[in-house]
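**Q** The primary structure of each chain is shown beneath.
Number of protein chains: 2
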Amino acid sequence: MKMDGKTMGRPRTPEREAKIRRVLSFRQHDLTLVMANIHDPHNVSAIYRSCDAFGVAKVHLFYTTTAFPHLGEKSSASARKWVESERHKTAEELMAALRAKNMRVYATSCSPSAKPVGEYDLAGPAAIIMGNEHSGVDPELLPLVDGELYIPMYGMIQSFNVSVAAALILGEASRQRLLAGKYDLPTCAPEELDANVQAWLKR
Amino acid sequence: MKMDGKTMGRPRTPEREAKIRRVLSFRQHDLTLVMANIHDPHNVSAIYRSCDAFGVAKVHLFYTTTAFPHLGEKSSASARKWVESERHKTAEELMAALRAKNMRVYATSCSPSAKPVGEYDLAGPAAIIMGNEHSGVDPELLPLVDGELYIPMYGMIQSFNVSVAAALILGEASRQRLLAGKYDLPTCAPEELDANVQAWLKR
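Line order of the protein sequences matches chains A and B.
Residue numbering for the first sequence follows this note's numbering, starting at 17 and increasing by one per position.
Residue numbering for the second sequence follows this note's numbering, starting at 17 and increasing by one per position.
Heads up, a few of these hints could be off.
Because identical chains cannot be distinguished in the list, a pair is counted as satisfied if it fits within a single copy or across any two copies.
Unchecked claim - Here are the simulated SDA-like cross-link-like pairs (lysine to any residue), alpha carbons at most 20 Å apart as the crow flies:
| # | residue 1 | residue 2 |
| --- | --- | --- |
| 1 | Lys198 | Glu135 |
| 2 | Lys198 | Ala215 |
| 3 | Lys97 | Leu209 |
| 4 | Lys117 | Arg37 |
| 5 | Lys97 | Thr80 |
| 6 | Lys35 | Glu207 |
| 7 | Lys97 | Tyr170 |
Hints listed in this document are in silico derivations from the structure and should not be mistaken for laboratory results.
Please read these numbers as outputs of a predicted model, since none were measured by experiment.
Let the hints inform the model, and build the full structure from the sequences given.
**A** Right under this line is the structure:
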């Protein structure tokens with residue numbers, strides 16, 4: 017149902033505007049994930065879905081050795097519509113973008129110096145780099161980060177699927193942020209929120 | 017490499033025995049998940065993997081309206097080898113098995129009476145029922161549980177994939193149990209642990 021020339025297929029109801037405003041109010045502009053050469057489209061789609069769910073406003077894409085996968089039109093890929101993406105061609109460009117937002121940058125890792133995710137403050141400005149399914153986070157990024165983190169595991173199988181790991185890390189960040197009251201007030205200016213509501217109504 | 021007639025394809029090295037003993041020591045005999053008519057084999061495999069990772073010793077299978085899916089031989093399905101499964105044909109049989117272990121039983125739900133997962137004590141004996149991808153937890157089970165829980169979400173998309181939801185709930189249980197020291201000592205008797213080590217060495 018098309019209500020006017022500007023909406024794209026979705027009715028501009030008060031309920032929809034209220035939902036969009038609420039979701040935009042929850043968006044955490046100081047929490048992000050970096051997808052670094054993650055190649056499986058199901059994993060990329062699932063990560064977008066978790067980012068949307070936990071309020072990540074924008075993800076950063078670092079594809080230097082792998083092509084960004086084709087995500088298709090499945091409903092599971094639709095979360096991508098609600099999470100901004102910023103691409104970076106070099107490690108320096110990526111880090112400069114994160115540092116410009118005063119973010120602490122962490123990489124998932126199983127090196128001996130990595131610490132459990134729960135020991136990091138993820139309620140403050142933070143970016144977490146998730147690496148390729150087989151090779152992990154690119155070695156060129158590791159010397160540039162502020163810390164390496166892992167999810168404590170107690171089983172026979174030694175690794176998580178990358179999209180499950182991303183969900184668990186964002187879940188921990190969300191838990192910390194809920195306690196810190198970071199979903200109580202919008203993290204962007206009122207006029208920016210208003211502009212974003214109007215933009216999202218057209219999506 | 018076959019070391020003797022009893023091992024099945026895997027060498028019986030001291031390292032392997034130590035790993036098995038460590039994993040069995042971490043097993044949480046008072047935490048379980050119920051898979052209730054979950055039909056997608058990828059979801060079932062992923063849930064087994066998360067159960068293994070967070071130390072769930074045994075899962076309960078409640079398949080009354082859906083056939084238990086064929087999981088195939090992929091490596092992602094291998095976690096099933098390390099997590100026991102118990103099947104139940106009726107709601108009464110399922111609940112009796114859980115009550116016999118003094119477990120509090122929770123269902124995932126988005127009903128108005130559901131509470132956030134973090135408000136429940138999951139360090140004590142607990143079973144969480146995860147329902148079918150489309151229809152959720154079976155209505156016949158809901159009146160029998162001690163509480164309904166949900167994972168707080170802040171996005172446009174209103175649900176998690178069931179395997180991601182299971183991982184997030186087990187991650188919260190694991191976080192509570194780590195704080196409570198429940199991975200510090202085996203939750204079964206020493207002779208049972210020894211017997212299980214010998215049994216697992218043959219898997």
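**Q** Hint by hint, say whether it matches the structure.
**A** Outcome of the hint check:
1. Within a single copy, Lys198 and Glu135 get their C-alpha atoms as close as 19 Å, and across copies as close as 18 Å, so both meet the 20 Å cut-off.
2. With identical chains, the CA atoms of Lys198 and Ala215 are never at most 20 Å apart, being 23 Å at best within one copy and 49 Å at best between copies.
3. Only within a single protomer do Lys97 and Leu209 lie at most 20 Å apart by alpha-carbon distance; the minimum there is 17 Å, versus 50 Å between protomers.
4. Taking the closest pair of Cα atoms, Lys117 and Arg37 never come within 20 Å of each other, the shortest separation being 23 Å inside a single copy and 46 Å across copies.
5. For the identical chains of this complex, Lys97 and Thr80 are neighbours neither inside a copy (23 Å) nor across copies (37 Å), given an alpha-carbon limit of 20 Å.
6. When the C-alpha separation of Lys35 and Glu207 is checked against a cutoff of 20 Å, the pair qualifies only within one copy, where the shortest distance is 17 Å, while the shortest distance between copies is 57 Å.
7. Proximity of Lys97 and Tyr170 under a CA criterion of 20 Å is satisfied inter-copy only: 15 Å between copies versus 36 Å inside one chain copy.
In terms of the numbered hints stated before, the structure departs from hints 2, 4, 5, listed from lowest to highest.
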